[in-house]
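Enquirer: With the hints as extra help, turn the sequences into a complete structure.
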Amino acid sequence: MTLTITAQTQSITSIEKLKELSGESVKLCMQCATCTGMCPMAQEMDYSPRQVMHMAQFGLIDKLAGINTYWKCASCHACSVKCPRGIDIAKVMEALRQQVLRKSKNYIEPSRLSAEQVAEMPQIALVAGFRKFTS
Amino acid sequence: MKISYYPGCTLKTKAKNLDRAAIASLTALGVEVTEIDRWNCCGAVHSLTADDLIHQVGPVRNLIRAKEQGAKKLVTLCSMCYNTLARANRIMKTDEVKRATINRFMTEEIDYAGEVEVVHFLTFLQEEIGWEAVKEKVKVPLTGLAVAPYYGCTLQRPADVGIEPFGSYSLMTGLLEALGATVVPFNAADKCCGSYQVLGSPAGENSAGAAILNLAAGAGIEALATSCPLCEYNLGKQQQLMLEKGRIAKNIPTYYFTQLLAVALGLDSAVCHFELNTRISVDLLKDKNCLAAA
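Just so you know, the sequences run in chain order L and Z. Counting from 1, one number per residue, gives the positions in the first sequence under our numbering. Counting from 1001, one number per residue, gives the positions in the second sequence under our numbering.
Hints are computed from structural coordinates only; laboratory data are not their basis.
No more than 27 Å apart at the CA atoms, straight line, and that leaves these computed lysine-lysine pairs for DSS-like: (1) L:Lys82 with Z:Lys1093; (2) Z:Lys1093 with L:Lys19; (3) Z:Lys1098 with L:Lys103; (4) Z:Lys1098 with L:Lys27; (5) Z:Lys1098 with L:Lys19.
Expert: What follows is the structure, encoded as structure tokens:
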């Protein structure tokens, strides 16, 4: 993966905002990719958790805006418990989701779920999904 | 012995088989269960952003209900409820600033500072009853059932609320062994089933869930025991579809551990609500002579 870093692609504010929202410092990441190795959803992600940490370290907001990694995260904390730098990566993923959701954008539209899905799924799936995917 | 119990929404409806089997088993073990009055949804997932306190109000309100009703411990069963309640409780106990803000916001409630202990059903069984005592009450041992404990994510992570350390499955292993089952080590016992991702992916296409079932089949596991309705949905109810779509090679029946407990205690199978499980789950227990043939 080649990352282009210029004054135009990099947003220092976004690095600060991510830290404020997540409470975590992505600068601690040493790119060992243990998170990617632990992640049960990695195969469905267009960029691995390690790559996302790298983008976040450099504040590449435009690049981060168009990827699916944090939407595929299941908040299972497998990455967080194994991170040798002690970063709670699940919190970084949540902050990336929230940055989109807090602009009143939904990742999934509840009205598009079929009646069968709603009837069949346990309530915790619906509540958890709406909490993670809707504004 | 008396306990205060928080069931949560799913256990009252779509996961009645988790709840009813648990209550009947506790009654058979001599425990009097009191469901706390006026409980509400736990919120299902813990908010991970540093500034989001409003989503702690739901779980904290349940803890206040328990405190008001005189409970020192609140026993809960669903893995997601356990995680959300335990994490909210930890905030109230350890974070003075957030505790003050939440208490100030809930002006109509009494102040709360983490006085109630949130306990998972498995921890309660082990600490207050013990595997030996359970074993003595077993009437239908689950002999020959090669089962693996499946913990998923929320029973163990993060470490400060985990019912036991990451990578250790001694609680459910102890229980299943006491019930006479053969417990098979399972290296995917703490892998996530895909959780709420089921909302955004097409039915039967859950790669995380399929990986777990394929690993279980490879390890010679006949059945999985879980304590989470979302794990049961992703691994159990979606299983036939995954098989039809070629995502998994073989069926692996799934149960709530409370159902296996109730069966082994020889309770009427009606309390297990097996109609909510897949057909293959019921068939396997019949094959093992643990359930009377219909």
